[in-house]
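Residue numbers (the numbering used here), protein chains in the order written: chain A, 1 to 80; chain B, 81 to 224.
It cannot be assumed that every hint is accurate.
[Stated by the list, open to error] Not everything, but these chain A residues come out facing chain B in the computed CB check (under 10 Å):
hint: 1; residue: R7
hint: 2; residue: G32
hint: 3; residue: R40
hint: 4; residue: T44
hint: 5; residue: D45
hint: 6; residue: E57
hint: 7; residue: F74
hint: 8; residue: P75
hint: 9; residue: P76
[Unchecked claim] If we take Cβ atoms under 8 Å as the criterion, some of the chain B residues that face chain A in the derived model are:
hint: 10; residue: V136
hint: 11; residue: C171
hint: 12; residue: V173
hint: 13; residue: V196
hint: 14; residue: S198
hint: 15; residue: V219
Keep in mind that the hints were calculated from the coordinates and are not lab data.
We put the beta carbon where it would ideally sit given N, CA and C, even for glycine.
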Amino acid sequence: MITVTVRYFAAFREQAGHDQERLETDHDTAGGLFLELAERHNFTDPTSRCKVAINDELTSWDAPLQEGDHVLFFPPVAGG
Amino acid sequence: MDPRFEIVTDPIDPRQLQVELEHQSAGASVCFEGWVRDNNEGRRVVALDYEAYAPVADKEGQLILTEATQRFELFAARCQHRTGALQLGDCAVWVGVSSGHRGAAFDACRYIIDEVKSRVPIWKKEHYKEGESGWINCVTGQSS
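For reference, chain A alone in the conformation it holds in the complex (with noise of 0.2 Å):
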């Protein structure tokens, strides 16, 4: 088990009730942690349509997850 700080974004954050959270996991990828965390607040939007970051950095759904990490995940984006 590795422990990491996941936030979530606009949509994501009103959906969870909370900005950010610390929590143990045994997911070893950022798409598995996504897969479940979205289950457990009713995300709907599918991950192709999703965006991840682990330490400021954007990343793909297959990236590690180290202990510390800063899991950000990104609903569907909409600027301009």
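Got chain A sorted already, so can you dock chain B onto it with the hints?
This is chain B only, laid out in the frame that chain A set:
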């Protein structure tokens, strides 16, 4: 001048940004402004909130401008995106480029705004006349 992308909270000043595009070898400059409009997908919009995660948005925005500068051989490229509570008619995003000829300038401007809309962590919440609000592009949280 190096390409520069910024998330800003104050109103965007196009005139000041345009000056930064000037270059003696530039024969063309194209600018794009995105404005807050009063409707979307058949609903009456009264205001918008924009949210960004600046540490990632700035990096990704900068990367897009650098890509465009190389690909379209630009002399200058600037983009600002505003966040916070915006009113109808406000300028939400400004893109400007300068290049040798108009073709590259039009193409680069289009490339930048399209990439910003699809890649940069910025979110838009619309407030409707009926009193509801919703995050654009999301299934989650719609009409929250």
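* Asked: Do the numbers back the hint for T44/A, that is, is its least Cβ distance to chain B under 10 Å?
  -> With a closest approach of 5 Å, the T44/A hint holds.
* Taking the least C-beta to C-beta distance, is R7/A closer than 10 Å to chain B? -> The hint holds - R7/A has a Cβ within 10 Å of chain B, the shortest such distance being about 8 Å.
* Asked: Against chain A, is C171/B within 8 Å by beta-carbon distance?
  -> violated (11 Å)
* Asked: Does S198/B pass the interface check with chain A, least Cβ-Cβ distance below 8 Å?
  -> It holds, given that the least Cβ distance between S198/B and chain A is near 7 Å, below 8 Å.
* **chain B contact restraint on R40/A - CB to CB distance below 10 Å** => Because about 13 Å separates R40/A from the closest Cβ in chain B, which is outside the 10 Å limit, the hint is violated.
* Asked: Per the CB criterion, is V136/B less than 8 Å away from chain A?
  -> holds (5 Å)
* Asked: Given E57/A as an interface hint, is the shortest Cβ-Cβ distance to chain B below 10 Å?
  -> holds (8 Å)
* Asked: Does the CB of V219/B sit less than 8 Å away from some CB of chain A?
  -> holds (5 Å)
* Have a go at the V173/B hint: is there a Cβ in chain A nearer than 8 Å to its own Cβ? => Holds - the Cβ of V173/B comes within 8 Å of chain A, reaching about 5 Å at its closest.
* Asked: Does the interface hint hold: is V196/B within less than 8 Å of chain A, judged Cβ to Cβ?
  -> holds (5 Å)
* Asked: Minimum Cβ distance from P75/A to chain B below 10 Å?
  -> Holds, because the Cβ-Cβ distance from P75/A to chain B comes to roughly 5 Å (cut-off 10 Å).
* Asked: Going by Cβ atoms only, is D45/A closer than 10 Å to chain B?
  -> Hint holds; D45/A Cβ to chain B Cβ min 5 Å, cut 10 Å.
Of the hints listed earlier, those the structure fails to meet are numbers 2, 3, 11, in rising order.
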